[in-house]
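Student: Sequence:
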Amino acid sequence: MLPDEITIVSPKKLKNAHINSHNDHRLFMSFVIASMMTEKSIVDGVESVDVSYPSFIQDMKKIGAKFSLS
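Under this note's numbering, think of the first position of the sequence shown as 1, with each following residue one higher.
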């Protein structure tokens, strides 16, 4: 492991949650990735990703993430 890396091992699923990203694109993307460890969670603020990573949702789908946008 390099000095700037982190290894994450999840022993169990996280609890489902409804998370408000406060329209912060960094929080939104982090919460979406963390939510992939739940059965079903809601993360508010999808429009915020346009600031830095407009293809975030499409790229996450390419690696197998399941989304329902509303």
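Simulated from the structure, these hints should not be mistaken for laboratory data.
Check each hint, because a few of them may be wrong.
Claimed, not checked - Pairs of lysine-lysine, PhoX-like flavour, derived with a Cα cap of 20 Å:
hint	residue 1	residue 2
1	Lys13	Lys40
2	Lys40	Lys12
3	Lys12	Lys66
4	Lys12	Lys62
5	Lys40	Lys62
6	Lys15	Lys66
7	Lys15	Lys40
8	Lys61	Lys40
As the list claims (entries may be wrong) - With beta-carbon atoms standing in for the labels, derived distance ranges:
hint	residue 1	residue 2	range
9	Lys62	Ile6	30 to 40 Å
10	Ser68	Asp4	27 to 37 Å
11	Leu14	Ile63	27 to 37 Å
12	Ile42	Pro3	32 to 42 Å
13	Lys40	Asp4	27 to 37 Å
14	Asp59	Met37	16 to 26 Å
15	Asp50	Lys12	26 to 36 Å
16	Pro3	Ser68	18 to 28 Å
17	Ser70	Val9	11 to 21 Å
18	Asp4	Ser70	11 to 21 Å
19	Ser55	Asn23	30 to 40 Å
20	Ala17	Glu47	12 to 22 Å
21	Leu2	Ile33	32 to 42 Å
22	Pro11	Glu47	17 to 27 Å
Note that this is a predicted model, so its numbers are computed, not measured.
Backbone N, C-alpha and C fix where the C-beta goes; we use that ideal spot for every residue, glycine too.
Student: Hints first: check each against the structure and report whether it holds.
Tutor: We went through each hint and held it up to the structure:
1. Lys13 x Lys40: holds (11 Å)
2. Lys40 x Lys12: holds (14 Å)
3. Lys12 x Lys66: Cα-Cα ~19 Å, so holds.
4. Lys12 x Lys62: violated (24 Å)
5. Lys40 x Lys62: holds (19 Å)
6. Lys15 x Lys66: holds (17 Å)
7. Lys15 x Lys40: holds (9 Å)
8. Lys61 x Lys40: holds (15 Å)
9. Lys62 x Ile6: 30 to 40 Å: Between Lys62 and Ile6, where Cβ atoms are some 23 Å apart, the hint is violated.
10. Ser68 x Asp4: 27 to 37 Å: holds (35 Å)
11. Leu14 x Ile63: 27 to 37 Å: Distance hint for Leu14, Ile63 is violated at roughly 19 Å.
12. Ile42 x Pro3: 32 to 42 Å: holds (36 Å)
13. Lys40 x Asp4: 27 to 37 Å: holds (33 Å)
14. Asp59 x Met37: 16 to 26 Å: This hint holds: roughly 18 Å between Cβ atoms.
15. Asp50 x Lys12: 26 to 36 Å: Given range 26 to 36 Å: holds, Cβ gap about 34 Å.
16. Pro3 x Ser68: 18 to 28 Å: violated (39 Å)
17. Ser70 x Val9: 11 to 21 Å: violated (32 Å)
18. Asp4 x Ser70: 11 to 21 Å: violated (37 Å)
19. Ser55 x Asn23: 30 to 40 Å: violated (19 Å)
20. Ala17 x Glu47: 12 to 22 Å: Holds, since Ala17 and Glu47 (Cβ atoms, about 20 Å apart) stay within the stated range.
21. Leu2 x Ile33: 32 to 42 Å: violated (20 Å)
22. Pro11 x Glu47: 17 to 27 Å: Once the Cβ atoms are compared, 34 Å apart, the range 17 to 27 Å for Glu47 and Pro11 is violated.
Comparing the model with each earlier hint shows violations of hints 4, 9, 11, 16, 17, 18, 19, 21, 22; every other hint is respected.
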